[in-house]
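Q: Single-letter residue listing:
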Amino acid sequence: MGILKNILTAVRGGASEVGESIVDANAVRILGQEIRDAQDAIGKAKQSLTGLKASEIKLKREINSLESDVASYESKAVQALDAGNEALAIEVAERIAEIENEAGEKSAEHSALSAQVNKINSMIRQREKVIQKNGRELEKIKTVEQLQKATSSMSTNFAATNASEHRVSKALERVKKKQANWEDRMEAGEWMEGEASGDDLDRKLKDAGIGANTSSGASSVLERLKKKSGQ
Amino acid sequence: MSLNELAFKLNAHLTAEDTRFDAVLAESGVLEVICSNNEEFPINIVKTDTQLLAITPLFDVNEVKPDKVNELNEELLFISPAIPLSAIGRQGNSYILFGAMALDTLFENIVHELEVQAENTVDVLQVIEPLLL
Chain A
1 MGILKNILTA VRGGASEVGE SIVDANAVRI LGQEIRDAQD AIGKAKQSLT GLKASEIKLK
61 REINSLESDV ASYESKAVQA LDAGNEALAI EVAERIAEIE NEAGEKSAEH SALSAQVNKI
121 NSMIRQREKV IQKNGRELEK IKTVEQLQKA TSSMSTNFAA TNASEHRVSK ALERVKKKQA
181 NWEDRMEAGE WMEGEASGDD LDRKLKDAGI GANTSSGASS VLERLKKKSG Q
Chain B
1001 MSLNELAFKL NAHLTAEDTR FDAVLAESGV LEVICSNNEE FPINIVKTDT QLLAITPLFD
1061 VNEVKPDKVN ELNEELLFIS PAIPLSAIGR QGNSYILFGA MALDTLFENI VHELEVQAEN
1121 TVDVLQVIEP LLL
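Chains A and B are the protein sequences, given in the same order. Heads up: the first sequence at position 89 corresponds to 89 in our numbering, and the numbers run straight through without jumps. Heads up: the second sequence at position 62 corresponds to 1062 in our numbering, and the numbers run straight through without jumps.
These are computed hints drawn from the structure, not numbers from a lab. Bear in mind the structure is a predicted one, so any value in this text is a computation, not a measurement. Wrong hints could be hidden among the right ones.
[As the list claims (entries may be wrong)] Here are the simulated lysine-lysine pairs, DSS-like style, with alpha carbons at most 27 Å apart:
(1) 1065/B with 176/A
(2) 133/A with 1047/B
(3) 53/A with 149/A
(4) 1065/B with 177/A
(5) 149/A with 1047/B
(6) 133/A with 119/A
(7) 53/A with 129/A
Looking at chain A on its own, in the form it has when it is part of the complex (with noise of 0.2 Å):
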């Protein structure tokens, strides 16, 4: 928003030329830096995320091979008990025991770690939504001044012509005019493809002994020419 109101107001002020910023360079500076600034942070955080994700992973398959010692064990420790083994058996659950701390201590690591690539992984989300925020602004920005390139041409034009009155009324009466031209053109075209689609007819007509005469020849005169005389 910030953006298009500094472009309505520079553009109102009179800042129509190729060249002239249109919104203070300053603000133009300043979002291009947000971009690169949150691009370099998303380039940096993915980078620890890589890393953080790797020791997520390996303490994740350490704390699932303890827990299968954990099962392995106590399965043992009822074999134990169930031989009479009491002893072995205590032994075993101490182990068992040991194994469960360490279990426990990896799997806080665990936590620990998955809240902070989920935490790297939020701030990225916002480092793009503010690149794109920018990006947008920017184009807003570029939009403008593609704009004044694309009408300064035309202003020089219409300086160049406005010495003649009605320029718009005129170059409309031109269009019109071509227009009425390539209409008439279509017309005459129509009208010299009905005219050759007729003959055309006229010819099959000839041909299915329908219409014209078809006996012009020296015969049919000749008739013609006793009936005159009454023979």
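Following the hints, put chain B in place on chain A, whose structure we already have.
A: Okay, now just chain B, sitting in the frame of chain A:
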């Protein structure tokens, strides 16, 4: 597609409605296109990072009857939604008709946009002609 490529393709194209294009890429980087269905009002095409802008300069505010500027602005606001594919705006002192296309717009659709814009120009100017000098 670069503006240079677009110019090349436009110059070799003939539409189903028999419209031809005369496209020249100016030194300023503006692609100037004259459509055969309206040779009096060229379309200027420029490119930003995300869009192609097709702009037809219509007239300067100095060409409007001095006491009719407000009426003209109002009429343009009213007719703008009814104009297919184009919008009306003002750039500096110049009134413009323009259309915006995404950079990946197909060539056939660009052609259609230009052909329609050239027709729209005549339609709009006919409506507001009585308000011009």
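Q: Does each hint hold? Answer for all of them.
A: Evaluation of the provided hints:
1. Our distance criterion of 27 Å between C-alpha atoms is met by residue 1065/B and residue 176/A, whose separation comes to about 23 Å.
2. Between residue 133/A and residue 1047/B, the direct Cα distance comes to roughly 20 Å. Compliance with the 27 Å bound is thereby established for this hinted pair.
3. Among the hinted pairs, residue 53/A with residue 149/A is inconsistent with the structure: their alpha-carbon atoms are about 49 Å apart, more than 27 Å.
4. A C-alpha spacing of about 25 Å is found between residue 1065/B and residue 177/A, which places the hinted pair at or below 27 Å, so the restraint holds.
5. Between residue 149/A and residue 1047/B the CA atoms are separated by roughly 11 Å; this keeps the pair inside 27 Å, and the hint holds.
6. A C-alpha spacing of about 21 Å is found between residue 133/A and residue 119/A, which places the hinted pair at or below 27 Å, so the restraint holds.
7. Only pairs whose Cα atoms come within 27 Å are accepted, and residue 53/A paired with residue 129/A is accepted, the gap being roughly 23 Å.
When the structure is compared with the earlier hints, a violation turns up for hint 3 alone.
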